[in-house]
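Engineer: When we follow our numbering, the leftmost residue of the sequence shown carries the number 16, and every step to the right adds one.
There may be inaccurate statements among the hints.
[Said to hold, decoys possible] The list that follows gives simulated cross-link-like pairs (lysine to aspartate or glutamate, EDC-like), each with its CA atoms no further than 16 angstroms apart:
| no. | residue 1 | residue 2 |
| --- | --- | --- |
| 1 | 189 | 261 |
| 2 | 343 | 302 |
| 3 | 332 | 235 |
| 4 | 189 | 253 |
| 5 | 405 | 101 |
| 6 | 343 | 280 |
Read the hints as simulated data drawn from the structure, not as lab findings.
Here the structure is a predicted model, which means the values were calculated and not measured.
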Amino acid sequence: MRKLSATMPEQSATAPWVKWTMLGVGIGGAVGSTIAAGTSGLAAHFARQVVTPARGRDENLDILAVIGTGGNQQVILPANDDTTVEGTYSLYFDGGAGHARIGAILSYVPREGTVQREVEAVYSGDLAGATRGWWSGAVFPSPSAVGFADEEVDIPVDGGVAPAWLIRAEEASKDWAVMVHGRGVQRSEGLRAVRLARSLGLTSLLTSYRNDGEAPHAADGRYGLGMTEWRDVEAAIDYAVAHGAEGVVLFGWSMGGAICLQTADLSGHRQRIRALVLDGPVVNWIEVLAYHAQLNRIPAPIGRLGQWLLTNRAGRKATGLAAPLDLKSLDWVSRAEQLTIPTLIIHSEDDEFVPVGASAELAERNPAFVTFERFHRARHTKEWNVDPMKWEQTVANWLAPVLHGRARPGVRN
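Construct the entire structure; sequences and hints are all you get.
Structural biologist: Laid out in C-alpha cells, this is it:
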C-alpha cells in the first residue's frame with residue numbers, strides 16, 4: 016500500500032472552459048479608462064477561452080493511495096462531486112499516458128473527505144506510482160476494450176485526414192451511426208454507445224474533427240462551437256454513404272450535440288439523416304455562455320460583451336476567430352420548429368456544465384420531433400456511466416421504432 020499525505024477534498028471546480036483568475040483586473044478600485052480597459056480585457060479573455068482548444072488537461076485530482084496489486088486494486092481519492100457518484104468512470108494520469116477504469120464505491124468517509132473505489136482495469140501506465148490525474152466519463156480507450164476490432168479508417172477533411180474507428184454491424188447494414196464527441200475530448204467518448212448501436216444493427220463510425228488533437232487543426236486554430244466542425248461530420252457521412260450507408264443516425268455528446276444539429280440543418284445528406292441521439296447537448300450557446308460567465312463571477316454586461324466579440328468582425332483580434340460566429344443560428348430553442356428530424360435528448364438534471372433547462376424547453380416547444388429523457392445524479396454527459404442499462408434501454412426503445420419506420424411523437428419524462 017502506498018500512502019500520500021492527506022489533502023483537503025476538492026471543491027466544486029470552476030468551469031474548465033473558462034478557468035482563470037480575476038486577480039489584478041482592478042475592477043473595484045479602478046476608474047475611468049482603467050475600468051474600460053479592464054472590462055474589455057476581461058470580456059476578450061472570456062471570449063477567447065471559449066473558442067481556444069486547451070493545450071493539455073489539468074491534472075486536478077489527487078490520487079491519495081492505491082491499495083492492492085495486479086487485478087485486485089483499489090484507489091483512494093478526494094471526495095468531490097464527481098468521485099462520490101456511483102458508476103463506472105476513467106481516471107487518467109501521467110499526462111494522459113496512464114488510464115484506469117474505476118468502478119464501485121467501496122467506502123466513503125465524509126468526515127475525512129475521502130472515497131475508496133474499485134479499480135476495474137488498468138489499460139496503460141502504473142497507477143500505483145501516480146499522484147495526480149483527472150476524472151472522465153470516456154471509459155474505454157479503444158474498440159478492442161469493448162470487444163470489437165480496432166479498425167482505423169481515414170476521413171478526408173479540410174487540411175488532411177481525420178482518423179476514425181469503424182465498428183461493423185454483425186450483418187451488412189444499410190444504416191450507420193456516426194458518433195460525434197464533445198469539446199475537449201476525443202472519439203473514445205462514443206465507445207460507450209457502440210454496443211447498443213450494434214445491437215440495433217448499426218455500423219458505427221466514431222469520427223474526429225478539427226482541433227480535437229487527432230484531426231487537422233482549423234486554419235485559425237479555434238473552435239466554431241458547431242459552425243465549422245459540422246463540415247468534418249459531413250465528411251464522415253460522405254465516407255459512410257460511399258461505403259454503403261443509406262441512412263445515418265447522428266450521436267452527439269455536449270458540443271458534439273451542437274455539431275450534430277448543425278449537420279442535420281446544413282448537410283447535403285439531410286434526407287439520409289434518420290435520427291439524432293443527443294447526450295447533454297448544447298442546444299443554445301447563448302444560454303450556456305451566460306451560465307459560465309455567472310459561474311466564473313463575471314458581471315453580466317461583461318459576459319454579454321464577450322458574446323458580442325464572438326459574433327462580430329470587430330472581435331476577431333480578441334478571439335482569434337477567422338470569422339465571427341452566428342450564435343443565434345446555434346440557438347435551437349428559438350429555432351425549435353425548424354428541427355424536423357426525430358431527436359432523442361438525454362440530459363441529467365445534475366449536469367453542472369450544460370444546464371438541462373434548454374433541452375427540456377426544446378422538447379416542450381417541439382413535441383412532434385423531440386423526445387426528452389431526464390436522468391438524475393449524473394454529471395455532464397455521464398448518464399451512461401451512472402446507469403448504462405437505463406441509457407441503453409432508453410435509446411433502444413426510442414430508436415428501434417424510428418429505424419423501422421414507426422417513429423412516434425416526442426414525450427417528456
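Engineer: Hint by hint, where does the structure go against what was stated? Just the numbers, ascending.
Structural biologist: Going through the list in order, the structure violates no hint and respects every one.
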